[in-house]
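A.B. asks: Chain by chain, the residues:
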Amino acid sequence: MGSNIALIGNPNCGKTTLFNALTGSNQYVGNWAGVTVEKKTGRTIKGNFNITDLPGIYSLSPYSLEERITRDFVINENPDAIINIIDGTNIERNLYLTVQLIELGKPMVLVVNMMDDVEAKGWSIDCDYLSKLLGMPIVPISARKSENIDEVLKQVEYVIEHRIIPPEITYDLKTQNALNEIYSVIVKNICDAGKIPYNFYAAKLLEGDMESVKTLKLDNVQLGAVEKIVRGYEKSSECHDREAMLADARYKFIEEVVRKTVVKNESEEALTISDKIDAIVTNRFLAIPVFLLIMFLMFSFTFGPVGKFLSDIIEILVNDVIASFISGILEKANAPQWTYRLLLDGVVSGVGGILTFLPQIAILFFCLSILEDSGYMARAAFITDRFLRRLGLSGKSFIPMIMGFGCTTPAVMATRTQENINERRMTIMLVPFMSCGAKLTIYALFAGAFFKGNKGLVIFSMYILGFLVAIAVGLLLKKTVFKGNMALFVMELPPYRMPMPRSVLKNTWDKCKGFLVKAGTVIFSMSIVIWLLQNFSPSLHMVNDSSQSIFGVIGTTIAPIFAPLGFGTWQASVSLLSGLVAKEAVVSSLGVLYGAGGDSLSAVISSVFTPLSAYSYMVFCLLYVPCVSAFVTIRREMGSFKWALASAAMQIGVAYVVSLFIYQAGSLIERMF
Amino acid sequence: MGELTLNDIKTGSSAVVTKIGSLGPLKRRLIDMGITPGVRIFVKKVAPLGDPIEIRLRGYELSIRRTEAKNIFVKKDNE
Chain A
175 MGSNIALIGN
185 PNCGKTTLFN
195 ALTGSNQYVG
205 NWAGVTVEKK
215 TGRTIKGNFN
225 ITDLPGIYSL
235 SPYSLEERIT
245 RDFVINENPD
255 AIINIIDGTN
265 IERNLYLTVQ
275 LIELGKPMVL
285 VVNMMDDVEA
295 KGWSIDCDYL
305 SKLLGMPIVP
315 ISARKSENID
325 EVLKQVEYVI
335 EHRIIPPEIT
345 YDLKTQNALN
355 EIYSVIVKNI
365 CDAGKIPYNF
375 YAAKLLEGDM
385 ESVKTLKLDN
395 VQLGAVEKIV
405 RGYEKSSECH
415 DREAMLADAR
425 YKFIEEVVRK
435 TVVKNESEEA
445 LTISDKIDAI
455 VTNRFLAIPV
465 FLLIMFLMFS
475 FTFGPVGKFL
485 SDIIEILVND
495 VIASFISGIL
505 EKANAPQWTY
515 RLLLDGVVSG
525 VGGILTFLPQ
535 IAILFFCLSI
545 LEDSGYMARA
555 AFITDRFLRR
565 LGLSGKSFIP
575 MIMGFGCTTP
585 AVMATRTQEN
595 INERRMTIML
605 VPFMSCGAKL
615 TIYALFAGAF
625 FKGNKGLVIF
635 SMYILGFLVA
645 IAVGLLLKKT
655 VFKGNMALFV
665 MELPPYRMPM
675 PRSVLKNTWD
685 KCKGFLVKAG
695 TVIFSMSIVI
705 WLLQNFSPSL
715 HMVNDSSQSI
725 FGVIGTTIAP
735 IFAPLGFGTW
745 QASVSLLSGL
755 VAKEAVVSSL
765 GVLYGAGGDS
775 LSAVISSVFT
785 PLSAYSYMVF
795 CLLYVPCVSA
805 FVTIRREMGS
815 FKWALASAAM
825 QIGVAYVVSL
835 FIYQAGSLIE
845 RMF
Chain B
134 MGELTLNDIK
144 TGSSAVVTKI
154 GSLGPLKRRL
164 IDMGITPGVR
174 IFVKKVAPLG
184 DPIEIRLRGY
194 ELSIRRTEAK
204 NIFVKKDNE
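As given, the protein sequences belong to chains A and B, one line each in that order. Basically our numbering = 1-based index in the first sequence + 174. Basically our numbering = 1-based index in the second sequence + 133.
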């Protein structure tokens with residue numbers, strides 16, 4: 175089995191980098207979009223440890239969802255030891271979490287990361303002395319350069335074997351007295367509390383954490399006694415504020431530790447490299463142009479010539495090489511005619527059609543990873559906060575929104591950093607309007623068939639339209655459902671860092687892997703299912719005319735609903751249903767239903783749609799409910815089926831109304847001229 | 134009224150926190166981020182649209198909104 179280790183640290187301190195360095199490729203829980211990424215567990219390359227990578231947090235108060243996940247893990251799962259990783263360049267605030275972790279009474283190893291940056295700044299940290307002051311082993315590392323990683327595990331092994339638990343911290347006299355008094359009140363509940371020591375609960379009660387009251391099952395007499403101690407404590411300070419006083423006591427302790435162990439030889443006003451970059455990037459006048467330029471570059475890189483070129487290569491590979499390879503095999507095996515149809519029309523055109531989008535999705539995630547790792551995302555949030563606040567969102571909604579252009583599922587998960595539940599729900603409801611990478615497959619097909627000269631412009635208009643609809647719906651929701659919502663915005667602006675190629679590539683690869691897995695499993699099986707539904711009648715006989723098939727029957731029934739939108743054919747309706755599984759399936763389903771792929775599919779499409787109905791269809795695909803994987807994620811993140819259903823219903827409604835408007839208004843204009 | 138808050142501090146100057154006026158989760162977060170009575174805060178920058186602001190404390194950069202800055206009571210830095 176091995177020992178269980180919790181890896182805990184502030185956001186953005188190199189936690190995941192360390193996790194990857196320790197576990198290598200031995201992760202057994204994947205990070206595929208669609209599965210829970212709350213915590214990842216991996217086995218270490220060396221030694222016998224299971225390490226759990228927990229969300230980055232600032233404090234153990236159950237304030238945001240991520241803090242709750244981490245706190246619950248440590249309290250309920252009872253790990254054998256904690257690796258606390260801190261950012262050496264931001265040691266004071268990072269140690270605030272360390273101090274709280276010490277209260278948990280677990281064997282602990284403190285890893286001071288970013289030692290290369292610390293040295294580059296001309297600072298020095300006396301790790302031996304720090305280790306003495308905190309009573310736990312300290313390992314200075316540079317996770318980016320994989321320096322000293324083995325030492326971390328050695329120390330972990332050591333603290334577990336010898337059960338080296340850091341000693342309690344002694345705070346200032348007033349605080350310490352109050353803690354001791356509370357301790358003596360609650361000590362008799364010892365059997366109920368489990369494995370967490372009383373120092374932790376004493377501190378939690380002193381700062382007024384109501385959850386601890388529940389865990390300890392204190393009676394009224396005890397509560398009264400605690401309340402009296404707290405009141406006495408508050409009176410002893412000018413600010414009369416228990417939370418601020420205890421935090422202050424913790425920071426006083428940390429300041430003392432830092433003063434003794436860290437030498438910073440720079441004045442606080444000296445310009446760092448980050449300051450110099452920010453002089454342009456968050457400059458009053460330049461910030462917005464720079465922001466727009468970066469967004470423009472990202473999109474033109476993804477959807478421009480580079481992405482197109484790579485897509486073309488894959489298309490040739492699929493249509494010419496793989497398709498002819500398969501038909502060659504079938505010919506040799508003398509396979510029956512229907513196997514050709516199943517494999518070539520069903521599977522190859524279904525899965526292959528999707529694979530051509532792999533390069534663009536890879537480039538998009540590559541760009542997003544660079545923005546994320548470099549620290550620009552936080553600046554983008556800083557710049558856009560004012561604007562997003564008008565919609566009842568905040569700058570923190572910006573990151574999920576941008577990620578929504580890649581894939582809705584991880585974007586919805588990225589809303590976890592938002593503490594305010596209303597703001598978070600609102601972001602989750604609006605993210606699906608950000609046109610995801612999979613929908614690009616649909617635009618590419620239709621725009622290619624109808625708007626050859628203006629293909630790029632038409633596709634771009636989809637992104638803009640999605641954005642505008644999100645604004646409109648956001649304003650509407652703010653005025654109705656989420657009235658009086660006061661969002662918070664307290665966000666760290668981390669120093670800029672050079673993105674590490676390894677981490678960017680790994681992140682991009684993880685996302686591509688998710689996409690490939692989806693193509694290999696969901697899309698593959700969907701292609702077969704669609705092919706079957708389309709080749710068999712409701713009485714399960716094989717049919718040659720697909721309008722007689724199961725799909726034909728379902729499609730014909732629902733098609734009239736879409737007639738006012740301009741696409742009342744059964745094939746179009748059925749493809750929308752397939753799109754519920756995955757947006758890429760709309761294209762593969764159209765391909766299967768019309769028995770065509772690639773260029774021939776465009777030809778068929780141009781004969782059954784008009785430019786206007788094609789545009790209306792694209793708009794409907796842009797706005798209607800995202801795929802099943804996204805829906806499941808939305809349900810989970812909303813924590814309620816009702817909310818998820820409401821948001822799906824809202825999206826279908828919006829899609830219907832907007833497409834209807836576009837088609838009807840367009841027809842009217844066409845008739846006028 | 135009339136009490137000095139972080140919102141009144143000009144860009145490029147600093148102040149010392151005396152009290153946190155916010156309540157609930159916001160106060161908790163401000164405190165956890167190191168905004169405690171006695172800490173010195175340097176107001177570094179204002180976002181292009183006038184809000185939020187960027188502050189520096191305890192050796193790192195933080196961004197908060199003006200509404201939040203209004204709830205952080207300060208006194209002039211006597212440096």
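Rather than coming from a laboratory, the hints here were simulated on the basis of the structure. From a predicted model like this one, the values you see are computed outputs, not experimental measurements. Hints may be right or wrong, so weigh each one.
[Unchecked claim] Computed list of lysine-lysine pairs in DSBU-like fashion (alpha-carbon distance at most 30 Å, straight line): (1) A:388 - B:143; (2) A:657 - A:506; (3) A:295 - B:143.
[What the hints assert, rightly or not] Computed list of chain B residues with no C-beta within reach of chain A, every gap over 12 Å: (4) 138; (5) 141; (6) 143; (7) 160; (8) 164.
Where a beta carbon is used, it is the ideal one built from N, C-alpha and C, also for glycine.
A.B. asks: Taking the hints in turn, state whether each one holds.
C.D. replies: Quick rundown of the hints versus the structure:
1. A:388 - B:143: 45 Å, violated
2. A:657 - A:506: 68 Å, violated
3. A:295 - B:143: 28 Å, holds
4. 138: Since the minimum Cβ distance to chain A is about 15 Å, residue 138 of chain B lies beyond 12 Å and the statement holds.
5. 141: Correct as stated: the minimum Cβ-Cβ distance to chain A is 19 Å, above 12 Å.
6. 143: For residue 143 of chain B, whose nearest Cβ neighbour in chain A is about 15 Å away, the distance exceeds 12 Å, so it holds.
7. 160: 6 Å, violated
8. 164: 4 Å, violated
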